[in-house]
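Asker: These are the residues of each chain, in order.
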Amino acid sequence: MADSTTSRVSFTLESTLDSVNKIEQTAEQTAQRAGFDEETIPHIAMAVREAAVNAVLHGNAYDTNKHITAAFETTSDDLIIRITDQGPGLDPDTLPDPLAPENILRGSGRGIFLIRAFMDEVHFRQLHPGTELTLIKHRTPAQSGT
Amino acid sequence: MSMKVQTRQVDGVTILDLSGRITLGEGSVTIRDSVRDLLAKGQKKILLNLGEITYIDSSGIGELVSAFTTVKNAGGELKLLNLTKKVHDLLQITKLYTVFDVKDDEASAISAFSK
Chain B
1 MADSTTSRVS FTLESTLDSV NKIEQTAEQT AQRAGFDEET IPHIAMAVRE AAVNAVLHGN
61 AYDTNKHITA AFETTSDDLI IRITDQGPGL DPDTLPDPLA PENILRGSGR GIFLIRAFMD
121 EVHFRQLHPG TELTLIKHRT PAQSGT
Chain C
147 MSMKVQTRQV DGVTILDLSG RITLGEGSVT IRDSVRDLLA KGQKKILLNL GEITYIDSSG
207 IGELVSAFTT VKNAGGELKL LNLTKKVHDL LQITKLYTVF DVKDDEASAI SAFSK
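Same order as they appear, the protein sequences are chains B and C.
Here this note's numbering is used: the first residue of the first sequence is 1, the next is one more, and so on.
Here this note's numbering is used: the first residue of the second sequence is 147, the next is one more, and so on.
Pairs of lysine-lysine residues, derived as DSBU-like cross-links and limited to a Cα-Cα distance of at most 35 Å, are as follows:
no., chain 1, residue 1, chain 2, residue 2
1, B, Lys-22, C, Lys-232
2, C, Lys-241, C, Lys-190
3, B, Lys-22, C, Lys-150
4, C, Lys-187, C, Lys-249
5, C, Lys-150, C, Lys-249
6, C, Lys-232, B, Lys-66
7, C, Lys-241, C, Lys-231
8, C, Lys-261, C, Lys-190
9, C, Lys-150, C, Lys-232
10, C, Lys-241, B, Lys-22
11, B, Lys-66, C, Lys-150
12, C, Lys-231, B, Lys-22
13, C, Lys-218, C, Lys-261
14, C, Lys-232, C, Lys-190
Please keep in mind that the hints were generated in silico from the structure rather than gathered at the bench.
Work the whole structure out from these sequences, hints included.
Answerer: Structure below.
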């Protein structure tokens, strides 16, 4: 049975791909503990990985002096993941639509699209400097143990 | 786990058997280098066998797209073989499934290349 207790874990990491992998693994484990099914868990892990890649690559640009943070919170209603960077900031309204015919053959630009496809809510917050990306997946009553 | 690639030739088609993960910093560079090397050798009929790919992220998808356009611009053909459900679903979501020529059977994939 899934654990219904609210839990939180967060950590600060260097701007490296190893950090991305650690965050992805934590997302997978957290989603598993929260009771999500076998199809949804990889989707959550991928969305979180894409958010972490954005933070490391586009936000902090692998700058060793900058860090990313990852916070995982499981409530009775939701799994909430917050990823922050210390980069120049990201305006989601300026991102090109990867499904548009003129963009479909681009070699990049699908990360935020996939995050939105796999999560129930995605929120951006400008930190000046940096960006906080909040990813939310709703839990069903069965998952939350209520 | 990183990505591995093995190359073989069948009827003038170069088949790249890929296994593992295609992600930023793992398989993406390997695919780029492999395709570039093949084109430099004049091998322009390329079949990417993704049957053993366990995971792909947006960088990996982007790398497949780049490989496709690079080969096409060089006058060649690149097709995909044996998509796992995960990769299939991602290509559907990103509307790339119809961009690529996707095959489920190696023999029919090879015969689909122009002679």
